[in-house]
Amino acid sequence: MSDTSTDKLSQIVADIFELDAHAVSDALTPDDVEQWTSLNHLRLVTAVEEAFSVSFTMDQIESVRSIGALRQLIGT
Amino acid sequence: MKLYSMLTRMTLPGFAVSLLYLLKHRCYISPKAEVDLTPLIHIGRGTKVSSFTQIKASRGPLRIGSNVSIAMGCCIAAGPSGITIGNDCLFGPRVTVLGSNNRYTQLDVPIREQGVTSKGVKIDNNVWIGAGAVILDGSEIGEGVIIAPNSVVASKLPANAVCQGNPAKPVFRRR
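Keeping their order, the protein sequence lines are chains C and G.
In this text, residue positions in the first sequence follow the numbering used here: the first is 88, and each later residue adds one.
In this text, residue positions in the second sequence follow the numbering used here: the first is 39, and each later residue adds one.
Please keep in mind that the hints were generated in silico from the structure rather than gathered at the bench.
As the structure is a prediction and not an experimental result, all values here were calculated from the model.
Hints may be right or wrong, so weigh each one.
As the list claims (entries may be wrong) - List time: in silico SDA-like cross-link candidates among lysine to any residue, alpha-carbon distance up to 20 angstroms:
| hint | chain 1 | residue 1 | chain 2 | residue 2 |
| --- | --- | --- | --- | --- |
| 1 | G | LYS207 | C | ALA110 |
| 2 | G | LYS207 | C | GLY162 |
| 3 | G | LYS86 | G | ARG97 |
To be verified - Part of the chain C face toward chain G, derived, beta carbon under 10 angstroms:
| hint | residue |
| --- | --- |
| 4 | SER140 |
| 5 | THR144 |
| 6 | ILE148 |
| 7 | GLN159 |
To be verified - Some chain G residues flagged as far from chain C (calculated, every beta-carbon gap over 10 angstroms):
| hint | residue |
| --- | --- |
| 8 | VAL55 |
| 9 | GLY98 |
| 10 | SER107 |
| 11 | GLN152 |
| 12 | ALA186 |
Heads up, the beta-carbon is just placed ideally off N, CA and C, and yes, glycines get one too.
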């Protein structure tokens, strides 16, 4: 994954969860972020799909339990 | 029709209304709910209406499909253009569905004297409306839509969308 994509994903995550982009890491999980609700999870997925021109299945969406897992999905 | 509704509303006890709806429509109305007893209301088989919910249709038709679950404290009030709710819908607690709007264009006339407009509300099959959401007159909600709690719907929502906000907008498409 290129640095440009890393910054782009971090910025998307930061926007959706109202975090500082520097605070976004691959280890981030819903347990770490109060704003990571089920609805914001769907908003995050939609934003990622639009930004990276990808499309996920429901199984893939439900399997995302960290930013690292989301990054892997974008890369596949 | 209004007088008939008023009289039945004032004289019939809740359990009598529940029994009448059970016998006529095969639906389950809590004795603590307030559902107008009028030919303007049709409720489908297997539908459940919980306590403290109000369903009013003195000015227009109100059609609720079968196997709909309406939780506590909801308010569904049909205007002259009516409200249509499909089958298999889920209404969380304190959902409001309004089938009319007040006119307010005249500054020199009290709003309550300016009458109402009514476009009607259409809710398709298999819709889940979250607690506290408000569905305003003119809304059309497509099949399979999910509305987040406390959202305000005032427009058309496409099928299978997950919607949130005031006004409610799609944030995800179910697949």
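Each hint tested on the structure:
no.: 1; hint: LYS207/G with ALA110/C; result: 29 angstroms, violated
no.: 2; hint: LYS207/G with GLY162/C; result: 29 angstroms, violated
no.: 3; hint: LYS86/G with ARG97/G; result: 23 angstroms, violated
no.: 4; hint: SER140; result: 16 angstroms, violated
no.: 5; hint: THR144; result: 7 angstroms, holds
no.: 6; hint: ILE148; result: 9 angstroms, holds
no.: 7; hint: GLN159; result: 20 angstroms, violated
no.: 8; hint: VAL55; result: 37 angstroms, holds
no.: 9; hint: GLY98; result: 33 angstroms, holds
no.: 10; hint: SER107; result: 20 angstroms, holds
no.: 11; hint: GLN152; result: 38 angstroms, holds
no.: 12; hint: ALA186; result: 6 angstroms, violated
Hints 1, 2, 3, 4, 7, 12 from the list above are not met by this structure, while the remaining hints are.
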